[in-house]
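**Student:** Each chain, letter by letter, is given below.
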Amino acid sequence: MKLKSLQKRENELANAKRQLEILSNGIFQKEELPKFSTKLAAQDQFPLKPKTLEILQINVGYMCNQVCAHCHVDAGPDRKEIMTRETMQQCLDVIAATGAHTLDLTGGAPEMNPDFRWFIEEASKVGIKDMIVRSNLTIITANKKYNDLPEFFKKHNVHVISSMPHWTEGKTDQQRGDGVFNASIKALKMLNAVGYGMPNSELKLDLVYNPSGAFLPGDQMALEADFKKALATNFDIQFHNLFSITNLPISRFLDYLIASENYEDYMYNLVDAFNPAAVDNVMCTNTLSVSWDGWLYDCDFNQMLELKVDSPVQHIRDFNKETLSKRNICVSQHCYGCTAGAGSSCQGTVV
Amino acid sequence: MSNTYYEPSDLRKFGNITEWNEDLGKKFFEYYGSVFEEGALSAREKALIALAVSHVVKCPYCIDAYTQDGLKRGITKEEMMEAVHAGAAIESGATLVHSVQMMNKYKKLSM
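Residue numbers (the working numbering), protein chains in the order written: chain Z, 1 to 351; chain W, 1 to 111.
To be clear, the hints were calculated from the coordinates, so they are not data collected in a lab. Since no wrong hints were added, every one of them can be taken at face value.
In silico EDC-like links for lysine to aspartate or glutamate, alpha-carbon gap of 16 Å or less:
| id | chain 1 | residue 1 | chain 2 | residue 2 |
| --- | --- | --- | --- | --- |
| 1 | Z | K171 | W | E78 |
| 2 | Z | K8 | Z | E81 |
| 3 | Z | K4 | Z | D78 |
| 4 | Z | K154 | Z | D130 |
| 5 | Z | K80 | Z | D115 |
| 6 | W | K77 | Z | E169 |
| 7 | Z | K189 | Z | D206 |
| 8 | Z | K186 | Z | D173 |
| 9 | Z | K321 | Z | D310 |
| 10 | Z | K228 | Z | D206 |
| 11 | W | K72 | Z | D219 |
| 12 | W | K72 | Z | D226 |
| 13 | W | K13 | W | D64 |
| 14 | W | K46 | W | E79 |
| 15 | W | K13 | Z | D265 |
| 16 | Z | K186 | Z | D148 |
| 17 | Z | K308 | Z | D318 |
| 18 | W | K13 | Z | E32 |
| 19 | W | K72 | W | E45 |
| 20 | W | K72 | Z | E224 |
| 21 | W | K46 | Z | D219 |
| 22 | Z | K189 | Z | D236 |
| 23 | Z | K189 | Z | D148 |
| 24 | Z | K229 | Z | D206 |
| 25 | W | K13 | Z | D272 |
| 26 | Z | K125 | Z | D93 |
| 27 | Z | K326 | Z | D310 |
| 28 | Z | K129 | Z | E54 |
| 29 | Z | K171 | W | E79 |
| 30 | Z | K155 | Z | D130 |
Using the sequences plus the hints, can you model the full thing?
**Tutor:** See below:
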């Protein structure tokens, strides 16, 4: 397990332009595989247009206590990009002014942003129906100052969504780092103890499953049943839903695919599994992603590829719903990750 | 033509067999699909049986496909290896049980 980000290691894949070049060269340049836009056009689904904005996904910073092998954010302890309170206020103003019903906080470890709690407190005053925090779990046990997070989440009725690639220690630690599985189990128990994830509890605790390798996720329902059985039997842990997410070929996962000589096969798998029905519900059609410095993107993946929204409005301070609704969604070959099989989004499958 | 009998990328072309006999090809794939649906056995159990049989028939395409399939289903490497041993035990048992025939013949021909 490497403990530094690609950026810190000065790896060429820390450069978004380089990633986009790789995604357009080789098999796609030789037209062995169709480019995503060509595939969409063949189905009469190009250009991709947004529908009603429902979810504002805010990346409050790339700093994280973990360095996961598949991380599309290239997050880690060495990343210093952090959203300021001023930008958070601009996000709150937008939330209050739009009909977006879901606020989805992500990172990095969002809890590491010094204004994280202030943001949640303020956001809970503006009438959000579903306030999501994507917690890596281990942050809860990483330091004393985070131990009360379950209580804090409960107080503000935060919807906790956490990552867990497998119900066994070996496969989890292989992707997320040594000791992550045991710390995650401890954190899940702490969340259960205050009511999170319990049957019929309004305190929602969902898990995210990402494959720990160069393969696509299996059936979400079957995986959820296996996770529930294993976590309940082995650890007496409860949770609500499992969201299965396909790893997109960018950043550290792209680095892994290339280094392990799986890149071409993986792209073939994604393209072979292309499902036009998934295109109708991809998350970029109802979500906007905001970066730590306030720029707007069609999704968190485009944010990491520095593909800003194709609109005269590109920053949260200039937000205009009408103008943004007319944009075309920016696509590249990584988008095949969201349209494979039953589809993939931050809320799991889409078909 | 490739220089080897087995080409990994040929697995992706499996569906093309219908091009030379659409009727039988389609029937085969329909049958194949139905076999692996959830039934009295779970799809997961069938996936493990398929993995074991893939080894017994020594089909590299099948091993490739059902290892990936197992990973997708969250099947662990311990489960996969036990399944292969189940197949191997039957295969080696099938060899060894024939030694009864050898023993019979040996005894019959010996004074």
